[in-house]
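Protein chains: 2
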Amino acid sequence: MKAEIIAVGSELLTPDSSDTNSLYLTQKLNEAGCDVQLKTIVGDVREDIEEILRQALRRSDLILFSGGLGPTMDDLTRSAVAGALDRPLIKDPGLLEELRRKFASRGFIMSPNNERQAEVILGADILENRMGTAPGMWIEEKDRIVILLPGPPRELQSVFENHALPRILKKSGETRLETRSFFITGMTESELDAQLAPIYTAYPRVRTTILAGTRHISVRLYCWTQQGSGRRDLDELASRFQEKIGPAIFSTQDEPMEEVVGRMLRESRNTLAIAESCTAGMLGMHVTRVPGSSDYFMGGIECYSDAAKIDLCGVPPGLIRQHGAVSAQVAEALAAGVREKLRASIGLSITGIAGPGGGSPEKPVGLVYIGLADGSGTLNRHRIMPGDRESVRERSTYLALSWLRRFLMKNMG
Amino acid sequence: MKAEIIAVGSELLTPDSSDTNSLYLTQKLNEAGCDVQLKTIVGDVREDIEEILRQALRRSDLILFSGGLGPTMDDLTRSAVAGALDRPLIKDPGLLEELRRKFASRGFIMSPNNERQAEVILGADILENRMGTAPGMWIEEKDRIVILLPGPPRELQSVFENHALPRILKKSGETRLETRSFFITGMTESELDAQLAPIYTAYPRVRTTILAGTRHISVRLYCWTQQGSGRRDLDELASRFQEKIGPAIFSTQDEPMEEVVGRMLRESRNTLAIAESCTAGMLGMHVTRVPGSSDYFMGGIECYSDAAKIDLCGVPPGLIRQHGAVSAQVAEALAAGVREKLRASIGLSITGIAGPGGGSPEKPVGLVYIGLADGSGTLNRHRIMPGDRESVRERSTYLALSWLRRFLMKNMG
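These protein sequences, in sequence, are chains A and B.
Add 380 to a position in the first sequence, counting from 1, and you land on the number used in the numbering used here.
Add 380 to a position in the second sequence, counting from 1, and you land on the number used in the numbering used here.
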């Protein structure tokens with residue numbers, strides 16, 4: 381079933397609020413086999429709400445409203461939905477009685493505007509709200525279903541889970557959304573798409589999305605299955621991706637790179653020491669984000685100044701004078717030096733020009749060297765990173781982790 | 381002007397993603413006097429995108445798209461907008477050339493699918509994207525304006541701020557949303573509200589919001605003004621806040637703490653060296669986020685292991701045995717040690733238990749010591765931080781910076 385979510389409330393259109401109800405609803409709806417294809421956030425404007433519902437009825441099987449069911453003048457969902465469906469609002473005597481009881485039990489007298497909460501769209505089933513005063517509604521209009529839910533998250537979740545979800549499950553049958561995920565490193569988004577598109581276009585039943593971030597590219601596959609059917613396409617496509625770009629995939633479990641690398645270090649009984657110049661702590665922060673990283677992380681040096689490179693990492697001053705602090709030679713010397721100082725089995729270093737200042741025609745902003753040292757020698761790599769200062773630093777951090785992963789893969793066979 | 385925002389991308393319709401671009405855009409649009417009345421999130425479905433734009437053109441003056449401008453098959457914004465506006469897409473030779481140059485400068489060869497990023501809707505003005513490859517577009521359709529922005533937040537913000545916002549401001553006339561901002565440290569949210577509420581309730585025309593984050597509390601004042609009217613209330617309220625809680629306010633310019641502290645270090649001609657155990661790089665990363673921080677930051681040591689504390693920071697092994705690595709004594713020894721090693725005027729240290737493991741009844745998870753050393757001696761402070769591992773580390777980082785600020789304030793008179 382194709383679903384869409386409409387959140388009502390001008391307070392959701394300010395710079396500091398976002399609609400979190402829809403995240404909860406999306407998860408529950410996906411699990412129930414419904415595909416959320418649209419979300420709208422609309423203010424307390426009756427014509428806008430009506431128009432959006434009219435559109436939604438044309439394209440979606442299941443339409444969920446959240447919010448706008450309260451007692452105040454700007455709670456317009458009930459009357460706007462009634463308008464779009466061309467049905468009257470009627471006061472429900474049972475609901476009115478119950479509302480009065482709820483107020484009395486809390487020692488309040490019900491004010492007249494609260495009576496609006498007892499208004500029901502003709503033909504709607506009432507969805508009881510045990511957590512608050514505004515009940516939800518379930519309305520069937522030809523082959524479409526419209527569900528009205530209260531806005532406060534606890535009320536919405538209680539009404540949805542107890543009264544809406546069981547009915548949706550009955551309608552959606554056995555259909556479920558299954559997913560597969562791949563985190564990828566070491567390729568650009570377009571290189572990756574060029575390799576994968578010829579494969580995934582042959583599986584039209586599976587939806588493939590490719591999303592590039594600073595840290596990695598994530599590829600996700602989505603497929604609707606019915607009692608397991610459809611899962612074969614998903615598994616087949618996933619294993620063809622594995623064949624094609626296997627080594628570039630670092631996780632199929634949504635694990636961040638630092639976790640994958642941490643597990644490899646532990647399994648291979650290696651220990652790590654780092655020296656970071658331009659990132660000055662970012663790599664260490666990521667490595668130690670993983671609980672238990674003290675098992676393999678010996679420590680690091682934020683060698684931001686030349687003095688720190690020389691005094692703490694043992695880089696010969698002449699090397700910096702001759703090649704510059706951002707160079708292959710200094711990257712390797714930093715890796716070797718910090719490895720020795722902290723008595724680790726592997727030393728990893730980053731030195732680069734994060735910008736905005738400090739670039740030259742020969743060594744532009746974004747130029748970054750990664751150095752690596754183990755017992756048998758030293759290696760280096762370099763790349764020119766795009767973006768601003770923070771983005772150069774992030775990309776450098778992930779390049780270093782990514783390269784360490786490749787190194788460990790080779791050494792672990 | 382009535383504005384609406386349309387975010388394109390199926391990845392924004394999963395249970396764990398929300399559209400953060402629209403929060404940024406809403407703030408900027410409000411400041412420019414535009415009222416955001418609708419937001420839509422739509423998947424990579426061409427007909428849906430077209431239909432939503434057709435609706436939007438009926439009700440809104442300004443329509444902003446984010447995302448869907450990349451090189452892959454599922455990047456549909458360009459062609460859907462062209463379809464809804466009934467205009468052709470044409471390949472722009474200048475853009476194509478520029479794209480080739482961008483790829484070449486990073487040592488990549490452009491794959492054919494990237495050429496789609498050089499396609500322009502007939503009659504659109506190109507909005508340059510310095511942070512990435514997909515440019516934005518500005519299209520006028522009768523009295524409506526349609527703006528296409530790239531999805532990655534840094535690219536969106538750069539294109540919007542440099543090329544779209546100046547043109548919107550020209551169109552939107554004299555109404556502005558004016559704001560004042562205060563970043564506050566060293567108080568809880570409720571302490572702060574207890575002090576400020578008696579003041580701000582006397583200014584009903586100004587909206588006051590208080591938002592507590594891990595890093596600091598931010599207080600914002602908002603007021604709609606027309607040619608300056610209303611600004612007096614805003615200024616009066618702001619100066620009464622200054623009187624009441626002055627020293628707790630570290631910025632009225634939305635500067636992060638590391639920038640404020642950096643300026644104070646530079647002005648007082650101090651230099652800084654740091655030793656971080658549980659944060660292992662996070663403090664250094666923040667300090668060096670500020671361009672030019674090499675003027676005062678000498679470097680740091682991620683002393684995650686005891687060996688690193690002893691060998692690199694010169695902490696006597698007996699001190700760790702006697703008091704534990706998380707103690708006032710070790711915090712002070714770390715600060716003094718790193719100050720000396722890196723020949724800085726101030727040493728700052730963090731040692732604590734970030735969790736989830738490693739706590740004890742005496743020293744629970746969240747216990748953090750900050751050490752500070754200058755030429756005349758050493759000091760320490762401790763606190764028990766709430767929250768998970770990452771949150772303990774962030775709070776510790778900001779406590780260290782915040783305490784350094786207070787120290788510099790005292791010493792600078």
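Hints may contain errors.
[Unchecked claim] Below are the DSBU-like pairs computed for lysine-lysine, each with C-alpha atoms no more than 30 angstroms apart in a straight line:
1) B:K482 to B:K522
2) B:K551 to A:K624
3) B:K471 to A:K743
4) B:K551 to B:K471
5) A:K408 to A:K624
6) B:K471 to B:K482
Quick caveat, the hints were computed from the structure, so don't treat them as lab data.
Just so we're clear, the structure is a prediction, and the values are computed from it rather than from any experiment.
Of the hints given before, which are not true for this structure?
1, 2, 3, 5
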